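Chains as they are written, first to last, in the working numbering: chain A, 540 to 1049; chain B, 319 to 669.
No wet-lab data here; the hints were simulated from the structure. Since the structure is predicted, the reported quantities are computational estimates derived from the model, not experimental observations. Ideal placement from N, C-alpha and C gives every residue a C-beta, glycine not left out. Heads up, some of the hints might be wrong.
Quick list of the computed label-pair ranges, beta carbon to beta carbon [stated by the list, open to error]:
#1 B:K352 x A:N633: 55 to 65 Å
#2 A:V597 x B:L584: 28 to 38 Å
#3 A:I651 x B:I634: 41 to 51 Å
#4 B:S331 x A:I651: 24 to 34 Å
Some chain A residues close to chain B (C-beta under 8 Å, calculated; not the full set) [stated by the list, open to error]:
#5 I651
#6 L908
#7 G912
#8 R962
Below are the chains, spelled out letter by letter.
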Amino acid sequence: MPDNSKGPILEMKGINKSFPGVKALSGVDFRLFRGEVHALMGQNGAGKSTLIKVITGVNRQEAGEIRLGGKLIRPDSPLDAQRLGISTVYQEINLCPNLSVAENIYIGRQPIRFGKIDWKEMNDKSNKLLSTLNVSIDVTQLLSSYSVAIQQMVAIARVLDISAKILILDEPTSSLDENEVKLLFGVLKKLRDNGLAILFVTHFLDQAYEISDRITVLKNGNKEGEYISRDLAKVELISKMLGKELSEFSYSQKETVINTEGKKIRDSKEVLLKAENLARKGSIAPVDLDISRGEILGFAGLLGSGRTETARLLFGIDKADQGDIFIKGKKKNMNNPSNAINAGLGFCPEDRKVEGIIDQLSVRENIILALQGKKGIFKNMPMKKQQETAENLIKMLGIITTGTEQEVRRLSGGNQQKVMLARWLATDPEILILDEPTRGIDVGAKLEIMELVLNLAKKGMALLFISSEIDEVVRCSSKVEVFKDREKINELTGGDIDVNSIMHIIAGGN
Amino acid sequence: MGEISVIWKKFYSSRIFWPVAALVFFLLVNLIIKADFFTIEIKDGHLYGNIIDIIKNSIPIMLISIGLTLVIATKGIDISVGSLVAISSAVVAVMIGGNLVMVNGHQEFVTLFPMPVAILGALLVTSIAGMWNGMLVSRVGIQPIIATLILFIAGRGIAQLITTGQIVYLYYEPFFFLGSGYLFGLPFSLYIVIFVLVITMFIVRKTAIGMFIESVGINPTASRFSGINAKNIIFWCYVFCGFCSGIAGLVVCSNIKSADGNNAGLLMELDAILSVVLGGTSLSGGKFYLMGSMIGALIIQTLSVTIWSFNVPPQISLVVKAFVIYIICLLQSGKFRKGLFRIFGGKEIVS
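All chains, full assembly: derive it from the sequences and hints.
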């Protein structure tokens, strides 16, 4: 249990950090004690990774102070932080897969004897070190011949040997299976009991409860609070992460309209998209779902719960291991996005920068891209037609740009998002998947987009609406699939849909 | 006046401005050292002069750059183009045959295969080489520089295999027209470049392929999500690049009247890459400028001529060339120019 008597080993006060256009952290306090596992939780963009980057010297805070064992520190590089005793194991393990396990542990600090590397001692020491973590493997084998979990242990062994006072683990379990997670947690518990301070970043609720003694929740760059894990109810934690009290979901008049409209539209019985037993190993357990004409299906769940993964299977970005997809009753193979587009689907991806916009191309080119892709290379749209299409959509969605030829990267986030929508509306899809269409845009734009979604449904489009803002999903969906830990765990329809019950489902009670 | 300033502003802010400015600068420098630099004479109905020489000498690089521009736009690179020039030379030379046939003291022009067949054969072989490069990059997923390194090295070996290790000398005069003939007073090879360039520009800008190439080069993931088959686009760019290198090989072979597997097209890949970059196409892919690449090829050739005119000692001429090109590249960067204007206290020109 945490050793509070000597005060925190790490204490951060009033940390501020901003990036162009975003305030990533504002006035965040954080403390970490010896002999505790502390979970850092929050949605995407809450500031978790920025906070870690400040601790490890990747980024420098603009204001605030960091104290390590009472002394003021200001690490200016990860190496510097490591020298101070702050070690980090990242999500993507940064070791050398083509070197042996022992070499990886002692790289740069190999034991030398008579001017040569003392291989025997290096291997012996590696063995001893790994055995303290309950791992016994052949340390002379290449690192790449072992599973990710073992590689992670090696990474931990390495940083521990360099002498760590604080161990930071950034999403360490995201690519581990259940047994591997158990193995890792066993090691973490042991290290904790030896007095190490462990900071653990995760988005898996159950794991946070299983391993952590204390939880700090961040939301939009602010500290939401610090809690003792066993005193914090799961539902409460979820609502802290979403930043709203359960009773706080009150609607403005406009929002109420959206809310009632959203519930109403479900008269058509024509199923446009149906998935049976759709699954992919390591990304989503078998899931069934269907969307009818004029219906908005919502996906609710936390980050990494399987909502985006399911959408990727539907759109052919990842290939399903099993299961079938039917479009209007006909079985379709979704081997790549172009199959899906030809079947009448559209997909606004979650990560606008990486998966969405082509930043150096113009607004016009970005808008007509998918339509042109559908038509093929040789059926080029005449320039006049291109401009017409772009102008119509710019007007319809109220995209703020100097014109059709403006480079799309000069637009604000909300307008870029609308350009993405425009790209898909140009293809006139029957089924449109929207993954986090309201992420990173201001409240006004959010409402506009939700209104638009409802209007599209009214015109007969089938929509799949994915959002980590549960209240948004609740507001405009007539059916909601709830995801948790890469599995669809429940389905709510019509009047049963409300924030409270979804939170309870995710938290595991009913 | 107003209209001219609008046109000037548009020209100044376009990517083609700095390449053109550099070219004009070097031409003017030459004019200052040699007053008769621009003089063009007419001899035997052909135009002769420094300018014609510069154009003629840059033609193989121009041809290669047309294909290479598209490859670079997809965020790729093809360093095998010089070796493909050697292969193309070897194939066409062997198919035409290096026999000198004398009948009654007069040369008779004979070929092993008809000349058009030989030409098509060479282009087919280099296109297949391009397919190999394209397959490795787009299907197997090897990094472009490594994938094309294979033919960069093996290509010269293949060329020597084709010529059985000998230098094949050609005596078939009709073939020489390709590289050293004149039509309407201008080198015939210039018409080849113009033809290939116009066709390419037409296809690239009148079909959607230009936009797809750019979008794949800028963001392959987003392009795939929009239903574009990035793999095919990348594949065909390499094939086209092989094809263009093949044409360059024909011109080179015809011009020097022989095929030398070891030296034909040697180091041309570097000049071609440089032409593309000088022309404003970024090595990190995306927007491409075919005309710019042509200007780039002319800059390199003009620069060589300028260095000769200055009587720069041969042992340091490469260093001078490198330095000047370095300066041109820096001047193309908007950031660098801003810094420069700030240092010299000049007014910042809005671009």
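Distance restraint hint 28 to 38 Å, applied to the beta-carbon atoms of V597 of chain A and L584 of chain B: Roughly 46 Å apart at Cβ, these two residues miss the hinted range, so it is violated.
If you check the beta carbons of K352 of chain B and N633 of chain A, does the distance land in 55 to 65 Å? With a Cβ separation near 59 Å, K352 of chain B and N633 of chain A satisfy 55 to 65 Å, so the hint holds.
Please check whether I651 of chain A and I634 of chain B have a Cβ separation lying inside 41 to 51 Å. 46 Å, holds
Less than 8 Å between beta-carbons is the criterion; does G912 of chain A satisfy it with respect to chain B? 4 Å, holds
Please test the hint of 24 to 34 Å on the beta carbon pair from S331 of chain B and I651 of chain A. Cβ of S331 of chain B to Cβ of I651 of chain A: about 60 Å, so the range 24 to 34 Å is violated.
Grab the minimum C-beta distance from L908 of chain A to chain B and call the hint holds if it beats 8 Å, violated otherwise. 5 Å, holds
Restraint: I651 of chain A near chain B, CB-CB cut 8 Å. Satisfied or not? 35 Å, violated
Min Cβ distance, R962 of chain A to chain B: is it shorter than 8 Å? 7 Å, holds
In terms of the numbered hints stated before, the structure departs from hints 2, 4 and 5, listed from lowest to highest.
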